[in-house]
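Top to bottom, those sequences are chains C and U. By the count of the working numbering, the first sequence reaches residue 156 at its end, each step adding exactly one. By the count of the working numbering, the second sequence reaches residue 1287 at its end, each step adding exactly one.
Note that these hints are calculated values from the structure, not bench results. Be a bit skeptical, because a hint or two may be false.
Stated by the list, open to error - Subject to a maximum C-alpha distance of 30 Å in a straight line, what follows is the list of computed DSBU-like cross-link-like pairs (lysine-lysine):
hint	chain 1	residue 1	chain 2	residue 2
1	C	23	U	1206
2	C	37	U	1102
3	C	59	C	69
4	C	23	U	1171
5	U	1039	U	1102
6	U	1173	C	23
7	C	71	C	81
8	U	1206	U	1039
9	U	1102	C	38
10	C	38	U	1070
11	U	1070	U	1102
12	C	23	U	1102
13	C	37	U	1070
14	U	1206	U	1102
15	C	91	C	81
16	C	38	C	23
17	C	23	U	1039
18	C	134	C	151
19	C	81	C	69
20	U	1070	U	1023
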Amino acid sequence: MNINATLLAQLIMFALFVWFCMKFVWTPIVAALDARKKQIADGLADAERAKHDLELASKRSAEILREAKEKASDIVASGEKRASEIVEEAKVQARVEGDRIITGAKAEIDQEVFRAREQLRTQVSAIALAGAGKILGREIDAKAHNDLLDKLVAEI
Amino acid sequence: MSSEAHTSAAYIKHHLQNLTYGKLPDGTWGVAHSAEEAKAMGFWALNLDTFIMSLLLGAVIMLLFRSVAKSVVRGTPGGLQNFCEWAIEFIDNSVRGSFTAKNNMVAPLALTIFFWVFSMNLMDLIPIDWVPGLLGLLGVPFFKVVPSTDPNATFGMAIGVFLLVLYYSIKMKGLGGFMGELTLQPFGKWGMPVNLLLEGVNLIAKPLSLALRLFGNMYAGEMIFILIALMGGAWAGLSLGGVTLFGSQILLSLGWAIFHILIVTLQAFIFMTLTVVYLDMAHQEHH
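For reference, chain U alone in the conformation it holds in the complex (with noise of 0.2 Å):
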C-alpha cells in the first residue's frame, strides 16, 4: 500500500514538473532530471516546455491570422477569412463596450491575450500522458503541455499588462497626477500614507489577480485531470473494483473535459476583459 501511494504521488510530481534547462550543479548547462535539480538553478533558468508550447501555440494563431490577413478580400470571404473577422468583431466589440478611451494598441492586445491563452489553455483537454508520454520514449524527463499551468506564463502576461498600465497611467495622467491618485484619495492630503497603502496595493492586485486567476484555474483543472488519471492507474487485473475504477476514469475525465471547455474560454475571456478594463481604468481621470 505504502509503495502504491509513492507512486502516486510520484506521478503527481512527474506531471507537475516543468522541463527546466539550466545551470547544474555539476557546473553544466543542462536539463534538470529531477525537481531538486530544477529548484538549484535559481532564477537562470528555463522552462522549455513552456516556452516552447506557447511560442509555437502563439505562431500558429499569429500565422493563421497573418495569412488571412494578407489575402484578406474586401467581396465575399471564405471559411477561414469569415472566422477571423468574427473573431476581430467579437474582440472588438468587448473592447468597445469596456474600453472608451481611444487607443489602437488595446484591441489587437485584446485579440493576442484571448487567442493566446485560449490555445494555451485548450491544451488542457489532450490526455494528459500523451505528450509527456511520448517524449518520456524520447529520453525527455517532463513536459507539461499546458503552459499556463506554469506561473511563469501567467505572470509574463500579467507584468507585461501591469507595465501598460502604469506606462498608460503616466501618460494620460502625467507623473504627478498618477503619484496624485496613488496618494491623495480617498481620504484626502493628510490620509496620505493610508491612502497610498490602499492604492498601492488596489495597483499591485491588479498583475497579481490577473495571474493568479487563470494560473490558478488551470493548474487545479489540470490537477483534477491527473487525479482522474490515477484511477485508471490503479488498475490490477480484470476484478470487479479494476473495472470500475477504469471507467469511473473514462466518465469522470469526459465530464471534466467538456466542463473544461468552459474554462478554457471562459479563463481567456476573462483575462482579456480585465486587461482591457485595466488598461481603461489607466486611460481615466478619476478625481
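Pulled out of the complex, with its shape left as it was, chain C reads as follows (with noise of 0.2 Å):
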C-alpha cells in the first residue's frame, strides 16, 4: 500500500510497453487489415467490372447471333433466287437447243426429200424415156431429145 519507487517502474514500463506496440503489434496488424480490406475491395470491383462485361458480351454475342441469321437467311433467299435464275436459264437453253436440233432435222429432212425426189425425177425420166422408147419403138436419141426429157422431169 505504500507509494514508493514502484510506481517509476510502472511508468517506465508502461511506456515501454505503449512503444512496443505501436511499433511491433498496431503497425504491422493495421498494415495487414488496410491490405486485405483494399484485397477485398479490389475483388469487388473486378467483379463487378466482369459482371459488366459479361453483359457487354452477351449483349454483343446476341446481337452478333442477329447479325449471322439475318446473313444465312440473306445468303439461303439469294441461293433460291440465283437456283431459280439456273432453272429459268436451262430452261430457256433447252427450248433453243430444241429449236435448234428441230430446225436442224427439219433441214436435214428437207434436204433427205428433195435429194429423194431428184433421184425420183432423173428415175422417173429413165422409165418415162424407156417407157416412150419402148412406145414409139424406136429409139429415142437422148441428145435430141434431151430439153424434152428435162422438161418432163421438172413437170414430175
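Two independent chains are provided; combine them into the complex using the hints.
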C-alpha cells in the first residue's frame, strides 16, 4: 500500500509497452488489415467489372447472332433466287437447243426429201424414156430430146 | 474469540501486503518481512510482486500480439489472428468514436492499456490463496497477484497518461494557449485565480480519477474475495455451522467471481476510454 519506486518502474514499463505496441504490433497488423480491405474492395470491383463485361459480351454475342441469322437468311434467299434463275436459264437454253435440233432435223429432212425427189425424178425420166422408147419403137436420141426430157423431169 | 479475530486480521493484512524489496533497517538490501519493515523502506523500494506480475502479463500480451503481427497474412486469417484482428478493430472503433484529432499513438496506447489492465485485473479471478500459498512454501513472505490493487501500478499508468495529456496540450495549443486555457476561463481574465483553481482541479482530477477508480474497484473486489475466503477459514470440524460456512463460501466466491468478470472488463474499458477522451480534450482547441 506504500507509494514507492514501483510507481516509476510501472511508468517506464507502461511507456515501453506502449512504444512496443505502436511499433511492432499495431502498425503491421493494421497494415495487413488495410491490405486485406483493399484486396476485398479490389475483388468486388473486379467482380463488378466482370459482370459488366459479361453483360456487354452477351449483348454483343446476341447482336452477332442476329447478324449471322440475317446474313444466313440473305444467303439462302439469294441462293434460292440464283437457283430459280439457273432453272430459268436452263429452260431457255433447252428451248433454244430444242429449236436448233428441230430446225437441223427439218433441214435434213427437207434435204432428204429433195434428194429423193431428184432421184425419183431421174429414175422416172429414165423409166419414161424407156417407156416412150418402147412405145415409139425406136430409140430416142437422148441428145436430141434432152430438152424434152428435162422439161418432163421438171414436170414430175 | 480474540485469538480468532487476531488471525483474521493477520490473514487480511497478509493478503494486502506487497512483496517489497528495499533497504532494510539494518542497512542491508532485501525483502521486507513485515508491513512495518516495508513502510520503513521509504520511497526507494520496489514492490516485486507488482513489478513481476505486470511485466509478465504485459510481456505475454505483447508477445501474443507480436507473434500474430509477425506472421500476419493478408488472406484468410487463422484463429489467433482472428482474435487479434477483432481486438484491434474493436479498439480502433472505440478510439475513432471518441478521438477526433489525428494521432497515430492513441490507438496503440488504448490497445496496450485495455489488454494490460484487463490481464492484470483478471488475476483477481485466481483463488486468492493459491499463488501466495505456493510461494509461501518457497519462503516468499508476501505476494499480491493482482498488480492493479497496488496504487503504484495504477498511478504509474495514470501519470503516464497525464504526462501525455500535458505534452499534447502544450504541443497542440502552445504553452501560452494551454496556460490561457487554465487561467482565462470560465470567468474571463478578471477571475484568473478562481479560473486557475477550477481548471487546475479539473486537470489534476484526470490522473487521480483514472488511478483511484481502477485501484478502488480492484482493491475492494479483492477485499471481498478475502472476506469470503475468511468464511471457509472459520471451518472447524464437521458441525452444521462449519458446513454451512464452507458451502456459502463456495457459492459466494463463485457469484462474486462471475460478477467480477464484468468489473474486470469494465474497468479496463473505462481506463482505456477515459484515456482516449482526456487525450482528445488535450487535442481540442476550446475557447
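Status of the hints after comparison with the structure:
| no. | hint | verdict |
| --- | --- | --- |
| 1 | 23(C) with 1206(U) | holds, 27 Å |
| 2 | 37(C) with 1102(U) | holds, 21 Å |
| 3 | 59(C) with 69(C) | holds, 15 Å |
| 4 | 23(C) with 1171(U) | holds, 22 Å |
| 5 | 1039(U) with 1102(U) | violated, 44 Å |
| 6 | 1173(U) with 23(C) | holds, 27 Å |
| 7 | 71(C) with 81(C) | holds, 15 Å |
| 8 | 1206(U) with 1039(U) | holds, 28 Å |
| 9 | 1102(U) with 38(C) | holds, 22 Å |
| 10 | 38(C) with 1070(U) | holds, 20 Å |
| 11 | 1070(U) with 1102(U) | holds, 26 Å |
| 12 | 23(C) with 1102(U) | holds, 17 Å |
| 13 | 37(C) with 1070(U) | holds, 19 Å |
| 14 | 1206(U) with 1102(U) | holds, 21 Å |
| 15 | 91(C) with 81(C) | holds, 15 Å |
| 16 | 38(C) with 23(C) | holds, 22 Å |
| 17 | 23(C) with 1039(U) | violated, 39 Å |
| 18 | 134(C) with 151(C) | holds, 20 Å |
| 19 | 81(C) with 69(C) | holds, 18 Å |
| 20 | 1070(U) with 1023(U) | violated, 43 Å |
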